[in-house]
Structures are given as structure tokens and as C-alpha cells.
Amino acid sequence: MDHRKASLRDEEVIQIYRTMYLARKLDERQWMLNRTGKIPFVISCQGHEAAQVGAAWALQAGSDAVLPYYRDLGVVLTLGVSPRDIMLAAFAKAEDPSSGGRQMPNHFSDPTLNIFTQSSPTGSQIPHAVGFAWAFKVRGEQKVAFVSFGDGTSNQGDFHEGLNFAGVHRLPVLAFVENNTYAISVPYHKQVASKTIAERAQSYGMEGVLVDGSDPFLVYEAVKNARERALEGLGGTLIEARVSRLVPHSSDDDDRTYRDQKELEEEKARDALGKMRTYILDKSLIDDAALEQLEKDVMDIVNDATAYAERAPYADPSTVKRYVYAEAE
Amino acid sequence: MPQMTMVKAIHDALALALEDDERVLVFGEDVGKNGGVFRVTEGLQERFGKERVFDTPLAESAIGGLALGLAYTGFRPVAEIQFFGFIFEMFDELANQIARTHYRYRARYGAPIVIRSPFGGGVKAPELHADSFEGLLAQTPGLFVAIPSNPYDAKGLLLSAIDNDNPVVFLEHMKLYRSVKQEVPEGRYEVPLGEAKVVREGEDVTIITYGAMVKLALKAAEEAAEKLDRSVEVIDLRTIVPLDMERISRSVKKTGRAIVLQEAPRQAGIAAEVMARLMEEAIYELESPVLRVAPPHTPYAFNMIEDDWLPSKEQVIKAIEEVWV
Ligand SMILES: Cc1ncc(C[n+]2csc(CCOP(=O)(O)OP(=O)(O)O)c2C)c(N)n1
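Each protein sequence line maps, in turn, to chains Y and Z. Everything in the first sequence is counted per the working numbering, starting at 1 for the first residue and increasing by one. Everything in the second sequence is counted per the working numbering, starting at 1 for the first residue and increasing by one.
Errors might be hidden in some of the hints.
Stated by the list, open to error - If you want the footprint, here are the derived chain Z segments under chain Y, 3+ residues with CB under 8 Å: (1) 50–59; (2) 67–73; (3) 92–99; (4) 224–232.
Please keep in mind that the hints were generated in silico from the structure rather than gathered at the bench. Where a beta carbon is used, it is the ideal one built from N, C-alpha and C, also for glycine.
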């Protein structure tokens, strides 16, 4: 889709590309650090960036409540989380602002940006978003709660319990499913009985929207419209973005046993990041030299974040008993 | 001072909290118009409005998750789980999310949430409507657990729980809901979390217990004084987390003997914890091994035989005799 149809300015499109590229490069760097034994775990955004950046572009950073899931590097970078913060969490360093290294990496949170952590049980963040949305509604605040998760997670009880609640009270919840057609190794057709996840919205009295997640502008438009509807008091939306997972589930997974490698190669060839790069050049939004400079600047940022986080100290083991209870301080 | 049942005392605490603090919300299944299946929340919706006192769908995990989301935004939710047996449906949100919020955020966010739930046996309720699962909660770092044994404590503990910045599970013994009346002040007062109470002073042996077992311990103590000439001290824990070991140790140092009495099945649980702590902290003061009176390690007994399954006065008396052997 042409970005002007979504009322996006040319400069915004460059920023969208830059954020997608930054997410990809930070992610690739983490795999390298993992394979060289420097960080314990990686779970990737690769293949989801267009959908993530497009969706987050439509949110009000620092105002809307955002409850991302572990792949959402593109979402949190768009909202303003810094690359250094990402790397501090990857290395589990004391200075990691999300939890001081206490949680898994990619359980993003940042109180200054209204980003709230998920935790390991998939989908447990969905009812939290409903709580935010209830608060916004009763206080008459012009805010939405955005919560994301994968296709497999849409089978969890918390998905049903949360969205049903949101539907009953027409709460401003934007539930964003990044459907990469796998939940670790189990493919979509063994995971979800309905043709789309979007159609599950029907039973919650919500709008359900299916969107091509390789096009950030389409996703932006879908989330923007959903946000406006929610703010008008028309209730939440379940938005399903079709994306590709270009790497194994996590750094602990080997996808060769369950994934058709030819199909994967085809998906990689259709990589949304490459498509976006071509788009900005074709539309002459940027010239070759400026684009190369932009990409070089991003690599400098990735290098800086890596070096900074690697040097940073670990949490002091004597702090392990802190914060269990409020009185413990 | 008015006489109140525990139902009324808890109702009073909720009404005061709603009145004093805009941030307090009360929700759960059937708590609105219906006033809760035990009528604890009767009239609260009418008085405080549907936005502060509301019914949720039948979905316990959502109740827990909703509470956490609301707490993040500054509310102080008081949620009800209709029967404690359904805590498992909420357990992820409670133990993995709510209880760990303060830890994960290193104090920038906490979860000042109270989960109220009726529990306990002896009223011919079926299993999962009568069980004592509090041991599971006690092993969950980040949670406080209050279990009042009488209306006065119930009101004061609940007000403390709502004011506390930690998540508190507040367990309401169904047998105590309407069976006891007591003088309870009308206004606000607090019973601190983490302070056990000596409910009967004695010299020879300490019985440590909580909830509905407090009454049983007192009856047994009375009989022991008459028939065995033993002077029994009874401690009501009031909160099992925090556990007031200081008070327990002080008593056991005086009496030299201890019996722990619980309604939950014998294995692991609070009685085991108190026994272990006494080994660690008061072993040189003990004249004999600490004894435990508790039901066997089985699911809650079907209701026609529950009286045989639950601890009895005879069992407690027997333990008082045995603790001298
Ligand atoms: C309750 C729960 N069960 C199992 C897991 C292990 N697990 C982690 S991610 C995952 C797959 C999730 O798939 P999906 O929701 O489709 O998201 P994707 O990773 O594909 O983006 C599983 C099974 C978990 N974290 N939580």
C-alpha cells in the first residue's frame, strides 16, 4: 500500500524503515552473542518487524498502556526503549531498566513509557490489559490498552477470559496477534480450529481485523482505526497480522525437524524488511548514499549498545532478597 | 459497641475502605446485585455504584489479571474468589503475576491487591468448597495470607490488608461466617498483619493454630484444665504469612512444649512450617517433641464423614497428654 493512503509523511516512512532495521540488527547481534556464549537466550522479532513497527506507530507512547510479548522488539523500539536498554536486558545486567536482569530478556517493561511486562506463561498479559482498559473507561481517559501475543497463545484461557471481559464492557483493548503460523513447532492448522484468529473476535462482540503484517502501512492503518473506534467508546478490536518467523522459535530451538526448509527460504526471500527497503528507494524517499549512511549509523548504535551492556556490572548477588515484599526495602 | 457476625464485620470493612479511599474497588462473581453468595458484599453496589463494585464474568484468571492491570493504574482492587477451591483457576495470575510484580519491577510497581475467599470445612460443603489450601499460598513469595478466627480480627485484618502495599490473600472461614457474634467497633481500626495473638494464657503447653481451629483449641484447653490439670496457652496466628515466630517462640520458651493444630491435610503446610521453625529457633527450650494435630493427607473428606476427618477435641486432648511422654 502507498504510505500516503495511510496519511503517513515521507519522513515517517524513513523512520519506520530505520526502526525495523534497528530491530533486525539488534536481534541479529543477540544471536551472535548467544552463539559465542555471551548471552544466555534470544527470542526473535525477525520477520515480524513490519507489523510491530506499523502497529506501534499508531499508539500514543507514554499514554496508552502497552503490554507487548517477547517478540516485540520492534514495538518497544518504536515507543522509545533504547538499544542500550535492550542489550542490558539481553546481558541481564543490573542497569537493565525493565527488571535489573531479573526476568527473561524480552519481557519488556518501561514505566516511563507505560510498557508493562508479560511473564513466561503465554497470554497472562491479556487480562492485565483488560484491567488497564477498565481503568481508562471508568476514569474517562482517552487511552487504549494494546496487548500482543502469538497465534498459539490465542488458544489460552486467558485470551478467552480477557477478551470476553473486554467485549462485555466494550473496553478500549487492542489485542494484536502476530500470526507467524507456528507455536514453536506446532503449525497453525494443528493449533487453531478456525480459519483465522480475527474471526474469534465475533464471539467477544469485538471487531476482528485481518491484515497483511508484511506491510507496515496496512498494519498502521488497522491499529489506528481500531484505536479511534476504541476511543469513541465503540469497544476493542482483535487485529491479526500475518507475519513470518524467519528464525527458529528461540536460541534453544532447532527448526530443521519441523520446518520445510524450502518454504522457509521462500519466506526469507519475501522478507518484509527487504521489501520496505526497496519501497523507500523506489519512491525516492531517500537516495542510496543517505540510506547507506542511515544503515551505518544504526550499526554504530548496535555496536555501542553491545559494548555498553557488556561492560556494565551484573546485579549484586546480595540484592537477591530485595523487593519480594513492599516492606522489605 | 454493636454485636457483629464475621459476615457483617467483613462487610463493614469493605464499606469503610470503599468510603475512605476512592482507589478501592470490589469485584468478583455475583458480588454486585446479589451481594455475593454469602452476602458479604450485600448493598455495596447500590451504595458505591457499578463502577466500584461490579460483577465479573465467570473467569477467575481474568479476575486476577484484571486486578493487576487495575493496580498498575493506581487502583486498590479487592477481588473475590467465590470459593477458595477455585483459586487454582486464578493461580497463575496470583502466584506468577501478582505475587511477583513488586519483585520484577524492583518496587516501582507493586500489587496492592486483596483476594478474599471463603474456605474451610465443617459446614457439609462438598470438596473444593471446603478445602484448606493456604499452605500453597504460604509457599508463594510475595504474598501475605490472613486467616481471621473471629469478627473483630476479620474487620481489622481486612482493613490492614487493603491498606497494605503487598498482595494479601484474605481467607474467610465459612463455619465462622455466622456462627459467632462479637462486639466489634463501628469505625475504622486495624489489626496488624504479622502479629499473632495469645487468646488464652497458660504455663504448660502452647497450642499454635489459626482459623476455625482456634475455637477447638480453646475448648480443648478448657477441658485440659479441668480434667488433666494442664494449663494450656493458645496462640491464634491470625496471619500465616508473615508468621509471628517471635510470639510463638516467646510462648514456647515459657511452656517448653508445643502442639500445632491445623485444618489442612497433615503433609507440609503451616503446621510443618511452625514445627521446623521451632526446631531452628527454640530447640533448647523444648522439653519434648512438637506434636501436630491435622487431618490425614487426603483430599477433603466427603461431607457426611467430614467430622471424623477434621481434627476433634479428643485428638487435641490426646496430644496434650502425649506431649508429656
Ligand atoms: C502457559 C505456557 N505454556 C507453554 C509455554 C512454552 N512456550 C513458550 S512460547 C510458546 C509458543 C508460543 O507460540 P505463539 O503464541 O504462536 O507465539 P510465537 O512464539 O509463535 O510468536 C510455547 C509453547 C509458555 N511459555 N507458557
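Do the hints match the structure? See the list:
no., hint, verdict
1, 50–59, "holds (count 4)"
2, 67–73, "holds (count 7)"
3, 92–99, "holds (count 4)"
4, 224–232, "violated (count 0)"
The structure does not agree with numbered hint 4 stated previously, though it agrees with all others.
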